[in-house]
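Enquirer: Quick mapping for you: the protein sequence lines, in order, are chains L and S.
In terms of the numbering used here, the first sequence is residues 1 to 437.
In terms of the numbering used here, the second sequence is residues 1 to 331.
There may be inaccurate statements among the hints.
[Stated by the list, open to error] List of simulated lysine-lysine pairs, DSS-like, C-alpha gap at most 30 Å: (1) L/K252 / S/K268; (2) L/K278 / L/K255; (3) L/K417 / S/K268; (4) L/K101 / L/K194; (5) L/K391 / S/K184; (6) S/K238 / L/K418.
[What the hints assert, rightly or not] Listed below are several chain L residues computed to face chain S (Cβ distance under 10 Å; list not exhaustive): (7) Y61; (8) A119; (9) R150; (10) K210; (11) G226; (12) V263; (13) G269; (14) R272; (15) K398; (16) G408.
If you are wondering where the hints come from, they were derived from the structure by calculation, not from laboratory data.
Virtual Cβ for every residue (Gly too), placed ideally from N, Cα, C.
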Amino acid sequence: MRRTPRIGGAPLAGALVCAGLALSLTACGGDDGGAKGGTSEASLQGRGPITFVTGKDRSGYLQKQVDGWNAEHPKEQVRIIELPDEPNDQRQQMIQNATTKSDAYSVLNLDVVWTAEFAANRWLTEIPKSQVDLSKMLPATITTGQYRDRLYAVPSTSDAGMLYYREDLLKKAGISAPPKTYAEMWDACAKVEKLPEAKGIDCFFTEVNKTESLTISAVEAIGSAGGSIIGADGKPTLNTPQAEQGVEFLVKAKKEHMPKEAVTLDTEGGRRYFQSGKLVFQRQWPYQYALADQKDGSSKVAGKFAVAPLPGPNGPGVANLGGHNLAISAFAKNKASSLDFIRYLTGEQSQRANLLATSQAPTVAALYDDPEMVKKFPYLPVLKQAIANAKPRPVAVKYGDVTAAIQGEMYDAVTGKKPVDQALTDLQAKLQPLTAQ
Amino acid sequence: MNTAATETPSAAGTPAAGAARRRGRDVQGTRRLAALLLSPTLLVLALVIGYPVLAGFRESLYARGEGLDAQGFVVEGDRFVGLDNYTAIFQGDRADAFWNAFSNTTFFTLTTVVLETLIGVAMALIMHQAFKGRAIVRASILVPWAIPTAISGLLWRWIFQADGAANALLREQILWTADGFPAKAAVVIAEVWKTSPFIGLLVLAGLQMIPRDVYEAARVDGAGPVQQFFRITLPLVKPALLVAVLFRMLDVLRMFDLPAVLIGVNQKSVETLTMIAWFEASNLRYGSAAAYATILFLYIALIAYLFVKLLGADIIGEARRQTKRERRKAA
Numbered sequence: 001m002r003r004t005p006r007i008g009g010a011p012l013a014g015a016l017v018c019a020g021l022a023l024s025l026t027a028c029g030g031d032d033g034g035a036k037g038g039t040s041e042a043s044l045q046g047r048g049p050i051t052f053v054t055g056k057d058r059s060g061y062l063q064k065q066v067d068g069w070n071a072e073h074p075k076e077q078v079r080i081i082e083l084p085d086e087p088n089d090q091r092q093q094m095i096q097n098a099t100t101k102s103d104a105y106s107v108l109n110l111d112v113v114w115t116a117e118f119a120a121n122r123w124l125t126e127i128p129k130s131q132v133d134l135s136k137m138l139p140a141t142i143t144t145g146q147y148r149d150r151l152y153a154v155p156s157t158s159d160a161g162m163l164y165y166r167e168d169l170l171k172k173a174g175i176s177a178p179p180k181t182y183a184e185m186w187d188a189c190a191k192v193e194k195l196p197e198a199k200g201i202d203c204f205f206t207e208v209n210k211t212e213s214l215t216i217s218a219v220e221a222i223g224s225a226g227g228s229i230i231g232a233d234g235k236p237t238l239n240t241p242q243a244e245q246g247v248e249f250l251v252k253a254k255k256e257h258m259p260k261e262a263v264t265l266d267t268e269g270g271r272r273y274f275q276s277g278k279l280v281f282q283r284q285w286p287y288q289y290a291l292a293d294q295k296d297g298s299s300k301v302a303g304k305f306a307v308a309p310l311p312g313p314n315g316p317g318v319a320n321l322g323g324h325n326l327a328i329s330a331f332a333k334n335k336a337s338s339l340d341f342i343r344y345l346t347g348e349q350s351q352r353a354n355l356l357a358t359s360q361a362p363t364v365a366a367l368y369d370d371p372e373m374v375k376k377f378p379y380l381p382v383l384k385q386a387i388a389n390a391k392p393r394p395v396a397v398k399y400g401d402v403t404a405a406i407q408g409e410m411y412d413a414v415t416g417k418k419p420v421d422q423a424l425t426d427l428q429a430k431l432q433p434l435t436a437q
Numbered sequence: 001m002n003t004a005a006t007e008t009p010s011a012a013g014t015p016a017a018g019a020a021r022r023r024g025r026d027v028q029g030t031r032r033l034a035a036l037l038l039s040p041t042l043l044v045l046a047l048v049i050g051y052p053v054l055a056g057f058r059e060s061l062y063a064r065g066e067g068l069d070a071q072g073f074v075v076e077g078d079r080f081v082g083l084d085n086y087t088a089i090f091q092g093d094r095a096d097a098f099w100n101a102f103s104n105t106t107f108f109t110l111t112t113v114v115l116e117t118l119i120g121v122a123m124a125l126i127m128h129q130a131f132k133g134r135a136i137v138r139a140s141i142l143v144p145w146a147i148p149t150a151i152s153g154l155l156w157r158w159i160f161q162a163d164g165a166a167n168a169l170l171r172e173q174i175l176w177t178a179d180g181f182p183a184k185a186a187v188v189i190a191e192v193w194k195t196s197p198f199i200g201l202l203v204l205a206g207l208q209m210i211p212r213d214v215y216e217a218a219r220v221d222g223a224g225p226v227q228q229f230f231r232i233t234l235p236l237v238k239p240a241l242l243v244a245v246l247f248r249m250l251d252v253l254r255m256f257d258l259p260a261v262l263i264g265v266n267q268k269s270v271e272t273l274t275m276i277a278w279f280e281a282s283n284l285r286y287g288s289a290a291a292y293a294t295i296l297f298l299y300i301a302l303i304a305y306l307f308v309k310l311l312g313a314d315i316i317g318e319a320r321r322q323t324k325r326e327r328r329k330a331a
């Protein structure tokens, strides 16, 4: 009778989880000594074995990097703890570990949007800026590891959206350069659609299904119009003409230029769509480049596409900044070893090896200009430009609620359930209490 | 929860009744022995069911992590808020979300249980027939029930995606997996596919308990197949059927994984009460999550109570009858 057990899946399971949390909270309520957010350098002490907690390592390369460290540091062995593939599950397990103040996790591999929440809850040890060499890193990536101007995590990989486009079709239609503005993009589509080989092709795709991806699309659209969802002062800023212009782009794109099933396509669905040759332009992450360029027949567009920075209303647009950062759990033992290990993994040498093995975007700026790397990954110069110009997703302690609200209102706007200004007014009202401090 | 709770009286009834029949006179001593023999069971039940329910309720009266201090850190510590977590559920935006989830939960319960019952009974009648290859039919009907829900969720996700099998068959472009009414239908279809075999199995067990001579007598009296079904099969299979339906209702009221995998979390059209509780918990509002879980628990308890009262699903009937007999004897 029981279905697969899942947290909250059953009242019984829900009650048990609550009970477990209640137990652990009362059990740990008394001692508050070691968990003051770790503001002093004295807290970065202790050497010995540590753990590295990360999402599933798809390439299998991480173990090799850790082996390299372990060979050199026999007394400070690192053990990898792999969490589920799904980011939400990773966050969940890290939070469970933190709320029970367990020392099982030492170094955490955090998605860039979790930094504020983890830092504000004192789950991370502050890393003094003097302790790590950030000078070689792309400035945009460093901001993702900060909360209130203090560094809590060191950037290890980065990511940003780029515009994939069908170079072959554009050339045939007599267009020499990729579009820099939306108007140029729609123009190019109109020209391409007249070609005989472009029969049944759709113009553009960016994700608009009701998931985290919709938040990303909204950040990019509103950012490209010069606005933001949450301003630098931490207050929502959706009552601006820029925000309206941004969302209107999404609505128009969905209505006029995207495949009909756009609201059901996720990241991988979009990739399949592009790879089957049914799109002229697509906003997508760098990971697609290698897959769409496969010459084994899995991609119909291999060798026919190129990448460019995302367009905007009046010139180049703004991409969303993704990626992962490494942080030290506030409850970890052996924090000195943890810091050394973070330095090792985020160093230029490790990042170079990791880029070659996994094609994950590095945070060390020099790698983007390295001729050897560019030869292997031709998109690197475009990606560097995109990252330099990228905006992070809203920084909020209650990020989970914030992104859910954004997704809900944007979905209603994009699918035409609500006029744009109404959706923005509602979103502004929803975000105000969530960001009030 | 309910199934476990009902075990208490039945477990209390049977051994006590057996012991009493053997000894007869010393009722007092028997009672004491029964209590002694059962105390480990009761203790375990109290630990694994009683404590979590109470702890969950206690949790629902507290709030934690509200507001930030000057340095931007979350203010630590629990605060007793009384019933605030409950009243918050019925106010403003939260109320919309709650009633939406409540009506989704109820809609799924009604539609899927009705469809499952009809299909399940039909399946049982087919499985009950003697024909060649019956074993294979029985085994294959059970396959959907054997697949883990998360896996069947993924399976149906592929079927229902825009260029999937469902649209190919219908020759239409229905966006099943987007937020909207088709998503509801997709969940109902997948759930019915998955759980009809369960009803079929329980009803089949009931069918096999009916002696063949009852049908022979009916045939001699000139009853047709329809009459036989409504006058003999249905009444005799009713106890098993009602238990099956009750179990399915309790199960679907706390549905989570199928809509979560098939359509996704945070989708208005398929959000159920467990999904809101989950969302609250994953955003660190454990008090509020516990309040939602408690409300769901009460709703399930109410439905189960009404079902047992109105339709007389006699899950513990056997035990009750035996205890009554004992009492008569003792008097």
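Enquirer: Compare the structure with each hint and give your call.
Expert: Right, here's what the structure says about each hint:
1. A C-alpha spacing of about 23 Å is found between L/K252 and S/K268, which places the hinted pair at or below 30 Å, so the restraint holds.
2. Note on L/K278 and L/K255: the hinted pairing holds, with a Cα-Cα distance of about 17 Å set against a maximum of 30 Å.
3. Our distance criterion of 30 Å between C-alpha atoms is met by L/K417 and S/K268, whose separation comes to about 13 Å.
4. Of the supplied pair hints, the one linking L/K101 and L/K194 is violated, its CA atoms being roughly 62 Å apart against a limit of 30 Å.
5. Restraint check: the Cα-Cα separation between L/K391 and S/K184 comes to about 36 Å, which exceeds 30 Å; the hinted pair is violated.
6. Proximity of S/K238 to L/K418 is assessed by CA-CA distance (about 49 Å); at most 30 Å being required, the pair is judged violated.
7. Because the beta carbon of L/Y61 sits about 27 Å from the nearest beta carbon in chain S, more than 10 Å, this interface hint is broken.
8. At its closest, the beta carbon of L/A119 sits 8 Å from a beta carbon of chain S; the interface hint therefore holds under the 10 Å criterion.
9. Because the smallest distance between the Cβ of L/R150 and any Cβ of chain S comes to about 9 Å, under 10 Å, the interface hint for this residue holds.
10. Of the supplied interface hints, the one on L/K210 holds, with its beta-carbon coming within about 5 Å of a beta-carbon of chain S, less than 10 Å.
11. The interface hint given for L/G226 is violated, since its Cβ lies 27 Å from the closest Cβ of chain S, which is over the 10 Å cut-off.
12. Against a cut-off of 10 Å between C-beta atoms, the interface hint on L/V263 holds, since the closest Cβ of chain S lies about 4 Å away.
13. At about 7 Å, the closest approach between the beta carbon of L/G269 and any beta carbon in chain S falls short of 10 Å, and the interface hint on this residue holds.
14. With its C-beta approaching chain S no nearer than about 9 Å, L/R272 sits inside the 10 Å limit, and its interface hint holds.
15. Nearest Cβ of chain S to the Cβ of L/K398: about 7 Å, under the 10 Å cut. The hint holds.
16. About 7 Å separates the beta-carbon of L/G408 from the nearest beta-carbon of chain S, less than 10 Å, and the hint is met.
This entry does not satisfy hints 4, 5, 6, 7 and 11, going by the numbered hints stated previously.
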